[in-house]
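Residue-level listing of the chains:
Protein chains: 2
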Amino acid sequence: MNKPYLHTILSPELLNIYDINDSIVVIIDVFRATSTIATALYNGAEKIIPVDSVEKCIAIGNATPNSITAGERDGKVIEGLQYGNSPAEYPRKFIEGKTLVLTTTNGTKLLHMALNKGASEIITGSFPNLNAVCNFLRTQKKNIFLGCSAWKNRFNLEDTLFAGAVIEKVKSSFHIHCDSSLMAEQMYLHHKHDMFAFARLTTHWHRLSKFGLDKDLEYCVTNNVADVLPIYKNGSLIALT
Amino acid sequence: MNKPYLHTILSPELLNIYDINDSIVVIIDVFRATSTIATALYNGAEKIIPVDSVEKCIAIGNATPNSITAGERDGKVIEGLQYGNSPAEYPRKFIEGKTLVLTTTNGTKLLHMALNKGASEIITGSFPNLNAVCNFLRTQKKNIFLGCSAWKNRFNLEDTLFAGAVIEKVKSSFHIHCDSSLMAEQMYLHHKHDMFAFARLTTHWHRLSKFGLDKDLEYCVTNNVADVLPIYKNGSLIALT
Chain W
129 MNKPYLHTIL SPELLNIYDI NDSIVVIIDV FRATSTIATA LYNGAEKIIP VDSVEKCIAI
189 GNATPNSITA GERDGKVIEG LQYGNSPAEY PRKFIEGKTL VLTTTNGTKL LHMALNKGAS
249 EIITGSFPNL NAVCNFLRTQ KKNIFLGCSA WKNRFNLEDT LFAGAVIEKV KSSFHIHCDS
309 SLMAEQMYLH HKHDMFAFAR LTTHWHRLSK FGLDKDLEYC VTNNVADVLP IYKNGSLIAL
369 T
Chain F
129 MNKPYLHTIL SPELLNIYDI NDSIVVIIDV FRATSTIATA LYNGAEKIIP VDSVEKCIAI
189 GNATPNSITA GERDGKVIEG LQYGNSPAEY PRKFIEGKTL VLTTTNGTKL LHMALNKGAS
249 EIITGSFPNL NAVCNFLRTQ KKNIFLGCSA WKNRFNLEDT LFAGAVIEKV KSSFHIHCDS
309 SLMAEQMYLH HKHDMFAFAR LTTHWHRLSK FGLDKDLEYC VTNNVADVLP IYKNGSLIAL
369 T
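If you read the protein sequences in the order shown, they are chains W and F. With the first sequence counted from 1, adding 128 to any position gets you our numbering. With the second sequence counted from 1, adding 128 to any position gets you our numbering.
Just so you know, the hints here were simulated from the structure itself, not pulled from any lab data. Please note that a few of the clues may not be correct.
Each pair may be met inside one copy or between any two copies, as identical chains are not told apart.
[As the list claims (entries may be wrong)] List of simulated lysine-lysine pairs, PhoX-like, C-alpha gap at most 25 Å: (1) Lys245 <-> Lys131; (2) Lys131 <-> Lys299; (3) Lys184 <-> Lys320; (4) Lys131 <-> Lys338; (5) Lys269 <-> Lys299; (6) Lys175 <-> Lys361.
Next comes chain W alone, as it looks inside the complex (with noise of 0.2 Å):
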């Protein structure tokens, strides 16, 4: 049997140059989007909207019972909004049922220029999520795009290590021939067990922790501390039961 492919997109910018019609797309966004993502459904959320501007993040909040509004540019919550893009802001006595709408610099926006596009299903991965990323990748037998956020399009080492990581444990089930996903694997692999002191070395660290964020960027880079598939349907992402 031919086995379907594996790609990784190293920046929203260059997602044009792939076909992925009749694929899933993994949005990867590791500082934070989809590790809060995947926390606030692990602890209960009943689903989280992701939107491109912060209009419609209000508006939406507010034609929606028991939401919240939540979003991040540049790092810092958006004057507006409710919420910021940590992790921590979502324990289970916070949000276990309430809806989260959100809207974040680099995931959101490449999770709707794929959805735009043609991609046939979208999840988001995290190291808090990756086994359950695994997990359903190797069940699907479809073609794969891994979609790193970046940082304003700019290649990111975070999201890269995160498709490394998948990589490394998804690829007897596919065909993988890119230098991307090559490259992702092999920085994964020498850094798999170093993560916290090699996250500290990137530049979106530098730029985060100047807000105090250290605990939350090591959370970030945890495995399987929130392991939930979230999963887009009808414009919201709910967890995959």
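Following the hints, position chain F against chain W.
Below, chain F without anything else, positioned relative to chain W:
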């Protein structure tokens, strides 16, 4: 003194997110345009005219005394041109004193993009002229962009490895804080001692070795065998003396 900065651009598609004004851009197309350019100039070519279409290649070739036309699309000599994109085609006894009019899939395209976007200086880099590139960059006191030509805008490893080789050698002279550069340097450091073996894993090697080009490709990942500095002046690449 503030050091100038250095960035690595992993695909021509990402060039537009950087401000390259008043900067030096190093065009990198390891397999094989920039390796061929270094080799032809090292072997005494008078100049190389990089053009972005076959039609221009033929027209300029016809109008230029003592010139030859050469070019490659998808690894093969283009119909209507005289030679291909292999460094082995340009020994001294053939190329000395001649003008090479060259068009290639990726490298000459990126060169023209960088030119149109306002780079103040354009040079070309490849393993055969690694030292010449590094020596030049260290003396310039300008911001540097290492521009990987990639493969039809897809990230490729061989250009990234060369960027990493440059970074290893020049990093003390620059302010470098970009994940692309950090990754490129790490990939190079991990593979500098097994370059022949590792380069064989890249997609581009697979693509080209089908045409019996293994010797060519090994040459293209060999350091300093054509150690000249090609610099773009008045429409041509010439050897800086």
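Status of each hint after checking the structure:
{"no.": "1", "hint": "Lys245 <-> Lys131", "result": "within (23 Å within a copy, 42 Å between copies)"}
{"no.": "2", "hint": "Lys131 <-> Lys299", "result": "within (10 Å within a copy, 42 Å between copies)"}
{"no.": "3", "hint": "Lys184 <-> Lys320", "result": "neither (38 Å within a copy, 50 Å between copies)"}
{"no.": "4", "hint": "Lys131 <-> Lys338", "result": "between (44 Å within a copy, 23 Å between copies)"}
{"no.": "5", "hint": "Lys269 <-> Lys299", "result": "within (13 Å within a copy, 45 Å between copies)"}
{"no.": "6", "hint": "Lys175 <-> Lys361", "result": "within (10 Å within a copy, 58 Å between copies)"}
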